[in-house]
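J.: Protein chains in written order, with our numbering: chain A, 6 to 174; chain B, 15 to 246.
No wet-lab data here; the hints were simulated from the structure.
Just so it is clear, CB atoms sit at the ideal spot from N, CA and C, and this is done for glycine as well.
Among the hints, erroneous ones may be present.
Far from chain A, some chain B residues (derived; all Cβ distances over 10 Å) [as the list claims (entries may be wrong)]:
| id | residue |
| --- | --- |
| 1 | D20 |
| 2 | T29 |
| 3 | L32 |
| 4 | P39 |
| 5 | L44 |
| 6 | T102 |
| 7 | S142 |
| 8 | N151 |
| 9 | Q198 |
| 10 | L223 |
Here are some chain A residues the structure puts well away from chain B; computed CB gaps all over 12 Å [stated by the list, open to error]:
| id | residue |
| --- | --- |
| 11 | R12 |
| 12 | A46 |
| 13 | V47 |
| 14 | T54 |
| 15 | A55 |
| 16 | R107 |
| 17 | P150 |
| 18 | V151 |
| 19 | T153 |
A partial selection of chain B residues facing chain A, derived with a Cβ cut-off under 7 Å [what the hints assert, rightly or not]:
| id | residue |
| --- | --- |
| 20 | R22 |
| 21 | L28 |
| 22 | A31 |
| 23 | L35 |
| 24 | V45 |
| 25 | V144 |
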Amino acid sequence: MHEELAREALGHVDALYKLARYLTGRETDAEDLVQETYARAVAGAAGFTAGTNLKAWLFRILRNTFISMYRHRRASPEVSGVDITDAAATEEWLRDDMELDRLRKLVAEEIEAALMSLSEDARTVVLLDLEDLSEVEMAAVLECPVGTVKSRLARARAALRRRLRDYAK
Amino acid sequence: MSEPHDERAIDVALTEALHRLPHRPAPARLVRRVERVLAPAPPAPSPGWRWHWPRVLVPTLAAAAAVALATPVVVYQYNAATRAASATMITEAIGDHLRIVQAQRPLEIESGDGHRVRPWFEGRLEFSPVLPFAGDNDVPLRGGALAWFLDRKAAAFVYGLRLHTVTLFVFRPEGLPWPTAGWQRAGAREVYRAGERGYTVILWRAHGLGYALVSDADPREVVQLASRFGGA
Chain A
6 MHEELAREAL GHVDALYKLA RYLTGRETDA EDLVQETYAR AVAGAAGFTA
56 GTNLKAWLFR ILRNTFISMY RHRRASPEVS GVDITDAAAT EEWLRDDMEL
106 DRLRKLVAEE IEAALMSLSE DARTVVLLDL EDLSEVEMAA VLECPVGTVK
156 SRLARARAAL RRRLRDYAK
Chain B
15 MSEPHDERAI DVALTEALHR LPHRPAPARL VRRVERVLAP APPAPSPGWR
65 WHWPRVLVPT LAAAAAVALA TPVVVYQYNA ATRAASATMI TEAIGDHLRI
115 VQAQRPLEIE SGDGHRVRPW FEGRLEFSPV LPFAGDNDVP LRGGALAWFL
165 DRKAAAFVYG LRLHTVTLFV FRPEGLPWPT AGWQRAGARE VYRAGERGYT
215 VILWRAHGLG YALVSDADPR EVVQLASRFG GA
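Assemble the whole structure, with the sequences as input and the hints as a guide.
T.: Next up, the structure:
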């Protein structure tokens, strides 16, 4: 990998580690996942298109590495798909006028716990959305159409709001 | 029912809440690991030799004189590159050993039974590590853990030797900066032995895998131990 590209790639280590932690749930696994991501990036550096978003490219490698190395170990029923549950049942709460205040009072640990209760796919799309990636870039990371990204993100955020209800009361 | 603008406000509040997630930067040890992965590969010495030879074969007296002057320099550079490359592996082996010794939970599987420890690595590595020594009363096997050796995953088998820790790293050997000189014939195979900072490191290759045995025990004991591991 070119020295300048390597330097820029190293600058994204915190963002990659953050996503890796929320995907694996374990610090040691997250560290291994990040290192493996960089190893694969170095090996496949020729596949990176200059001028495109390096962080998005690294996120894509990380996600694929996670799927190939870690996801198969899990037996969790949450691992596939975005949480599509009880939308109608919670519709009333979602429109509760008090929700805004509740959201503002949440502390970091509560938000983290709610996020971890989501499926891996939902967690991924929510976290990627925080990384200032465009929808096109997120679609490239998730390897799906832009429209799918939009719907996944909307469902994931709605699911997160439902989870946060429990912490906000 | 709330107005549409409330939905937007809630959406913003949710994003703000997500930005309050605990900030946990990558640990320094991870940054160092990543830096090693991103570091340029050490220069391979052999191509340099081949690259320069055509020039020194020019059949003139002046070229012959140039060869006579340049050869010691080239040899020096070649040896320096070799030493630097092998030092990388020695330093890495000691660093990895220290990470295991200093870790609060150094072992991912704790068992003195090699038949339990070795299978634990199945599915966790891209190769099947060979456990050359299952331990005994003097050098009991304590367990194993996943480790990184330079740019690749490795199996770490950890033993006790009185109060010393002995670590055997097993990894894929291809593409590593193995020493190109200084190997010693020891029994059925060749080993490379080095000492640094009070640690003894013994490298060897067998069964299509690479091995690095590391300990701060007496160097003679480590050498004797290596023979029981099949490395001497």
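J.: Evaluate each hint against the coordinates.
T.: Against the structure, the hints:
The claim that D20 of chain B lies off the interface is violated: its Cβ sits roughly 7 Å from the closest Cβ of chain A, which falls inside the 10 Å cut-off. Residue-level check failed: T29 of chain B sits 8 Å from the nearest beta carbon of chain A, not beyond 10 Å. Here L32 of chain B does not stay apart from chain A, with its beta-carbon only about 6 Å from theirs, under the 10 Å limit. Against the 10 Å criterion, P39 of chain B falls within the reach of chain A, whose nearest CB is about 5 Å from its own CB.
Not every beta carbon of chain A lies more than 10 Å from that of L44 of chain B, the smallest distance being close to 5 Å; the non-interface claim is violated. Against the 10 Å criterion, T102 of chain B stays outside the reach of chain A, whose nearest CB is about 16 Å from its own CB. No beta-carbon of chain A is positioned within 10 Å of the beta-carbon of S142 of chain B; the least distance is around 17 Å. A cut-off of 10 Å between C-beta atoms confirms that N151 of chain B is not in contact with chain A; the least separation is 31 Å.
For Q198 of chain B, the condition that its CB be more than 10 Å from all CB atoms of chain A holds, with the nearest at approximately 32 Å. Listed as a non-interface residue, L223 of chain B keeps its Cβ farther than 10 Å from every Cβ of chain A; the least gap is roughly 19 Å. Remark: the non-interface label on R12 of chain A conflicts with the geometry, its nearest Cβ contact in chain B lying 8 Å away (cut-off 12 Å). Against the 12 Å criterion, A46 of chain A falls within the reach of chain B, whose nearest CB is about 8 Å from its own CB.
With a least CB separation of 6 Å from chain B, V47 of chain A falls inside the 12 Å interface cut-off, contrary to its annotation. Remark: the non-interface label on T54 of chain A is consistent with the geometry, its nearest Cβ contact in chain B lying 19 Å away (cut-off 12 Å). No Cβ of chain B comes within 12 Å of the Cβ of A55 of chain A; the nearest lies about 17 Å off, and the non-interface call holds. A Cβ of chain B approaches the Cβ of R107 of chain A within 12 Å, the least distance being about 9 Å, so the stated non-interface status is violated.
Non-interface call for P150 of chain A relative to chain B: holds, since the shortest CB-CB distance, roughly 23 Å, exceeds 12 Å. The Cβ of V151 of chain A lies farther than 12 Å from every Cβ of chain B, with a closest approach of about 19 Å, so its non-interface assignment holds. With a closest Cβ-Cβ approach of about 20 Å to chain B, T153 of chain A is found to remain outside the 12 Å limit, as its non-interface label requires. Given the 7 Å rule on beta carbons, the hint for R22 of chain B is violated: about 11 Å separates it from the nearest Cβ of chain A.
With a cut of 7 Å, the hint placing L28 of chain B at the interface with chain A holds, because the nearest CB-to-CB distance is about 6 Å. For A31 of chain B, the shortest C-beta to C-beta distance to chain A is roughly 5 Å, which falls under 7 Å, so the interface hint holds. Given hint, L35 of chain B at the interface with chain A, holds; its Cβ is 6 Å from that chain's nearest Cβ, closer than 7 Å. Proximity of V45 of chain B to chain A holds as hinted, the smallest CB-CB distance being about 6 Å (cut-off 7 Å).
The beta carbon of V144 of chain B comes no nearer than 22 Å to any beta carbon in chain A, farther than 7 Å, and the hint placing it at the interface is violated.
Checked against the numbered hints above, the structure violates hints 1, 2, 3, 4, 5, 11, 12, 13, 16, 20 and 25; every other hint is satisfied.
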